[in-house]
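Peer 1: Chain by chain, the residues run as shown.
Number of protein chains: 2
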Amino acid sequence: MVSRVKRLFIGRPMKSEELGEEKLSKLKALAVLSSDALSSVAYGTEQILLVLMTVGVAALWYSIPISVAVLGLLTILILSYRQTIFNYPAGGGAYIVAKDNLGLSTGLMAGGSLLVDYILTVAVSSSAGTDAITSAFPSLHDHRVLISLIMITFLTVLNLRGISESASVLALPVYLFVCSVFILIVCGIYNYITGGVSAPQPVSGMTMSGVGLFLLLKAFSSGCSALTGVEAVSNAIPNFKKPAEKNAASTLVMMGVILGSMFIGISLLAYWYGIQPTEKETVVSQIAASTFGRGTIYYIIQGVTALILFLAANTAYSAFPLLAFMLAKDKFMPHMFMVRGDRLGFSNGIIILGVLSALLVIVFHGNTENLIPLYAVGVFIPFTLSQLGMMVKWIKLKPNGWGLKLIINSIGMLTTLVITFIFIITKFSQVWMVFIFLPVVMFIFYSIHKHYLNTADELRIQIDIDKPVIKGSTIVIPVAGITRVVLNTISYAKSLTDNVVAVYVGFDDEDIQKMEAKWEEWNPGVRLIVLRSRYRSIMKPLIRFIETVEWKTADTDHITVLIPQFITKYWWQNILHNQTSLLIRAYLFQQKDIVIATVPFHLNR
Amino acid sequence: MVSRVKRLFIGRPMKSEELGEEKLSKLKALAVLSSDALSSVAYGTEQILLVLMTVGVAALWYSIPISVAVLGLLTILILSYRQTIFNYPAGGGAYIVAKDNLGLSTGLMAGGSLLVDYILTVAVSSSAGTDAITSAFPSLHDHRVLISLIMITFLTVLNLRGISESASVLALPVYLFVCSVFILIVCGIYNYITGGVSAPQPVSGMTMSGVGLFLLLKAFSSGCSALTGVEAVSNAIPNFKKPAEKNAASTLVMMGVILGSMFIGISLLAYWYGIQPTEKETVVSQIAASTFGRGTIYYIIQGVTALILFLAANTAYSAFPLLAFMLAKDKFMPHMFMVRGDRLGFSNGIIILGVLSALLVIVFHGNTENLIPLYAVGVFIPFTLSQLGMMVKWIKLKPNGWGLKLIINSIGMLTTLVITFIFIITKFSQVWMVFIFLPVVMFIFYSIHKHYLNTADELRIQIDIDKPVIKGSTIVIPVAGITRVVLNTISYAKSLTDNVVAVYVGFDDEDIQKMEAKWEEWNPGVRLIVLRSRYRSIMKPLIRFIETVEWKTADTDHITVLIPQFITKYWWQNILHNQTSLLIRAYLFQQKDIVIATVPFHLNR
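Residue numbers (the working numbering), protein chains in the order written: chain U, 2 to 606; chain L, 2 to 606.
By construction, these hints were calculated from the structure, which means they are not laboratory data.
Remember, identical chains collapse to one label, so a pair may be satisfied in a single copy or spanning two.
Pairs of lysine to aspartate or glutamate residues, derived as EDC-like cross-links and limited to a Cα-Cα distance of at most 20 angstroms, are as follows:
| id | residue 1 | residue 2 |
| --- | --- | --- |
| 1 | K468 | E522 |
| 2 | K495 | D594 |
| 3 | K332 | E459 |
| 4 | K495 | D558 |
| 5 | K519 | D465 |
| 6 | K541 | D512 |
| 7 | K16 | E511 |
| 8 | K472 | D499 |
| 9 | K468 | E517 |
| 10 | K468 | D556 |
Start from the sequences and build out the full structure, keeping to the hints where you can.
Peer 2: As structure tokens, then:
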């Protein structure tokens with residue numbers, strides 16, 4: 002039953018050889034890996050305008066130079082990550098680059114930061130998508146958490162079906178979004194040039210009192226939130242079709258060009274149309290309304306925007322399991338993240354991501370806006386570390402043309418570092434948690450690592466010295482009466498060794514004498530030892546007896562406790578029988594170096 | 002830790018020989034076993050008056066003849082149960098008497114009815130006690146369910162400490178209640194005789210239109226609710242000090258005399274004082290207020306009454322585990338009800354009673370008044386069956402003086418039968434459930450019985466024919482690598498037989514070749530069989546292999562699957578390791594007649 006439901010949702014299991022078919026072409030990769038970055042267009046410009054509005058309408062013209070600066074940073078990031086892709090073709094996330102060049106701890110810091118960040122991404126973008134839905138259908142407002150959870154479940158199941166399949170499903174809305182934003186920009190520019198817009202355009206070039214460097218930096222850093230998700234491609238190189246590096250690099254550049262032109266286009270239109278950010282309506286919505294009026298096209302743009310906000314979460318679904326896999330391979334995360342599921346995805350990573358982000362949504366009742374700055378810091382820390390890592394690499398290796406490469410990465414590193422500091426300074430009340438969770442996550446990484454190393458140490462043998470040693474064997478059988486299960490168990494034990502003893506725990510003299518007499522009559526060729534329990538506990542005398550046997554014979558013999566057990570046909574019948582054998586088993590298993598075997602007897606009725 | 006908390010609440014474990022010390026003296030028995038019956042005095046008279054009031058104040062005088070009739074029925078029940086005690090000294094509950102004389106099904110009907118009834122008793126009386134508390138402290142009204150649950154927990158723990166101890170705790174409030182009611186009656190009568198009461202006394206002896214036989218019967222049956230709990234003594238004979246029957250019989254008569262005089266006393270005072278039942282104040286409270294005014298004595302009487310309503314539940318705690326024990330001995334209830342706990346009580350019965358009544362309180366949100374008629378029917382059905390059983394016994398055996406005995410039981414049987422019918426007819430909407438739960442309970446009894454008989458059948462051996470048979474042995478060891486656990490397991494296996502094979506499941510060629518090469522180098526003297534899993538599942542190929550081995554060798558060999566397993570030091574470390582071995586074990590255990598043994602290796606770090 003369970004397995005059928007699983008087949009229905011996840012699909013048939015795939016053979017390991019089919020892994021190649023799960024790889025992504027450039028177009029599909031763009032859809033899966035860029036949804037996070039591209040969706041930022043829906044709110045990036047608005048973030049800049051919101052900061053500027055705190056000074057006044059006259060300050061809005063600063064959005065143009067700031068947008069250009071963001072575009073510049075984007076270019077640097079793209080160039081920088083392109084370099085990373087060719088240098089780390091096995092997947093060059095911040096974790097790998099930082100670990101390789103800056104040492105393990107720095108790598109783990111970048112990796113831990115990204116892991117937490119992907120969880121935040123899913124929580125934040127599923128909440129954002131839900132907000133878009135409840136704006137359209139206010140009656141659903143009370144069910145926000147439920148809607149978010151349904152969407153998270155949907156994405157989880159989709160990704161469990163496999164990367165390729167999820168790419169096919171997601172490609173349509175992503176390309177629809179790109180097309181509609183481009184149509185909006187082209188028509189908007191045409192309208193503006195042909196004079197179809199009446200809004201007063203803010204005076205430009207005027208320096209204003211009140212607009213200090215701090216404010217500009219704040220506006221710039223807010224605009225930089227549009228750059229989150231850019232690193233996804235470099236993490237996910239192993240998911241690309243061959244030649245993976247080349248395909249990944251082209252995809253990255255494509256994404257950069259699309260993202261850059263969409264971002265600058267929206268910023269320009271917002272400036273030309275004199276749009277002011279308000280609480281009630283998004284900037285994109287205002288531009289669309291001014292360009293097309295509130296007709297069919299307007300609603301299509303709104304719908305597609307809501308969809309892309311949702312799908313931004315999917316980037317995390319590609320990146321989290323891969324990063325977890327890399328950390329698990331290095332023994333910093335549980336082994337289970339290395340297991341490929343039925344559909345060849347790292348299903349445990351996918352499921353854990355879904356569960357943790359769902360928990361976040363539940364804990365925050367779907368109000369995850371406050372997590373956005375935390376999420377941005379979580380991206381810019383690994384950005385900075387990754388660039389710093391590349392700088393160290395160039396200085397160390399000095400390949401051809403390393404000067405230019407170093408300059409690119411240095412500019413990128415400095416900018417992202419500054420942005421990180423701006424975030425920490427301007428929004429400390431929302432990002433302080435990063436100083437708690439980063440050390441905690443790193444502590445967990447190191448604890449796991451230590452455990453794996455210790456375990457490997459303890460389990461390791463020298464194959465030229467450590468060989469099997471043959472010892473004697475003593476078998477102890479706890480019996481509760483003379484039944485077919487006991488007969489079976491004794492038959493089994495006598496087939497292995499002559500050193501078999503049965504133990505019976507009796508509660509009173511009558512009981513004990515009866516058992517002894519019946520045993521003698523049966524005479525199965527095994528000695529019966531009878532213990533008396535004054536406290537009606539079977540466990541205690543039995544365990545004391547086993548301890549005595551262990552003390553006497555452990556040097557020469559392997560000791561086996563053989564538990565006769567009948568297995569009922571239906572599970573509920575178990576409440577009709579004592580479960581003493583399970584208790585004995587659990588106790589000995591945890592406490593003793595004794596072999597415990599169960600000789601089962603299946604009841605048919 | 003758990004065991005210390007247990008010691009603190011339950012007390013030190015007792016030896017089986019100490020059972021004698023747990024037996025009850027007459028005075029203690031009266032306290033434990035009569036609290037249910039005596040507490041009925043608090044509401045018995047009121048129940049009669051409430052029915053009569055539906056016609057009018059002038060009808061209240063009928064309460065006197067009706068009370069006399071109830072007193073008559075009480076006398077008959079006491080006499081009848083006295084006969085039962087001497088005839089069934091091992092405990093003559095309705096279950097035993099009915100089973101013995103009327104057949105098994107009738108006995109089970111009586112037993113099932115009583116079992117359910119005891120659960121209802123605890124739920125109803127803990128709710129009634131809670132109502133008394135919340136009447137005094139209205140601010141606690143919102144916490145009624147919690148208070149009920151605390152009281153149920155208190156009674157459960159008290160009874161787990163042992164019958165004798167619970168008797169000591171309960172004796173004081175029971176005797177306080179009896180004393181204060183007697184003081185009330187004596188002072189009340191004195192007041193009335195000396196003319197200290199001014200209330201107009203209803204005219205008596207007047208026949209009224211509107212007072213039909215139906216109404217009188219209804220009032221009578223309501224008054225009979227005061228008789229619930231009378232059967233408790235005859236159920237609990239095994240709990241008495243020797244000579245048990247004599248002590249039980251005296252206790253029963255004592256209880257009858259006390260109950261009868263208290264009941265008739267309260268009824269008389271209510272009549273003389275012209276008291277009318279109201280929703281706001283109980284009849285006992287009105288009498289007490291008229292007699293003593295609302296001073297200290299009044300509040301003591303109210304407090305003690307509330308306490309006794311609570312403690313009524315304790316009678317069920319004595320009777321339920323004993324009845325469950327008898328049913329379990331006859332294989333109609335799970336064996337676990339036959340196990341004596343640390344303090345020699347039948348702890349499973351006590352715990353189950355507590356849990357089920359707590360569930361009832363939770364489901365009904367503490368409003369268990371509607372369960373009272375159901376509860377009364379649940380008592381009168383076994384009353385009737387038990388008397389009918391005694392009638393059949395006299396007719397069959399015809400001992401000395403059987404005529405009188407037959408007459409007593411016949412009158413008792415007819416009266417209780419009539420009362421049962423009156424309950425069913427007048428309160429069908431509240432008691433219809435009995436027609437559902439009785440068949441269900443009986444079905445469960447028979448299902449359990451059938452399972453035990455089937456199991457015994459399947460497990461039974463003929464000790465002169467069925468002897469142990471020695472076969473060969475094949476051991477299969479699933480290995481995941483070459484480690485110390487595997488070394489241990491192979492050492493163990495080779496100590497038992499030469500017929501050992503190790504199985505490795507590999508995912509790709511490289512993996513498999515490496516393992517084969519390393520195994521050859523190690524050369525532990527055991528053949529390695531390598532399986533390839535195309536779907537990355539270890540379970541499936543492994544189980545298919547074991548099935549093949551089984552198919553080939555099961556006739557000549559015992560097959561053992563030996564699972565190497567290391568055990569982590571702390572439980573949470575388990576999430577860092579694959580739990581495949583547990584899955585293999587669980588599957589084979591449920592499906593196959595194969596011995597599964599775990600060779601443990603305890604990690605120290």
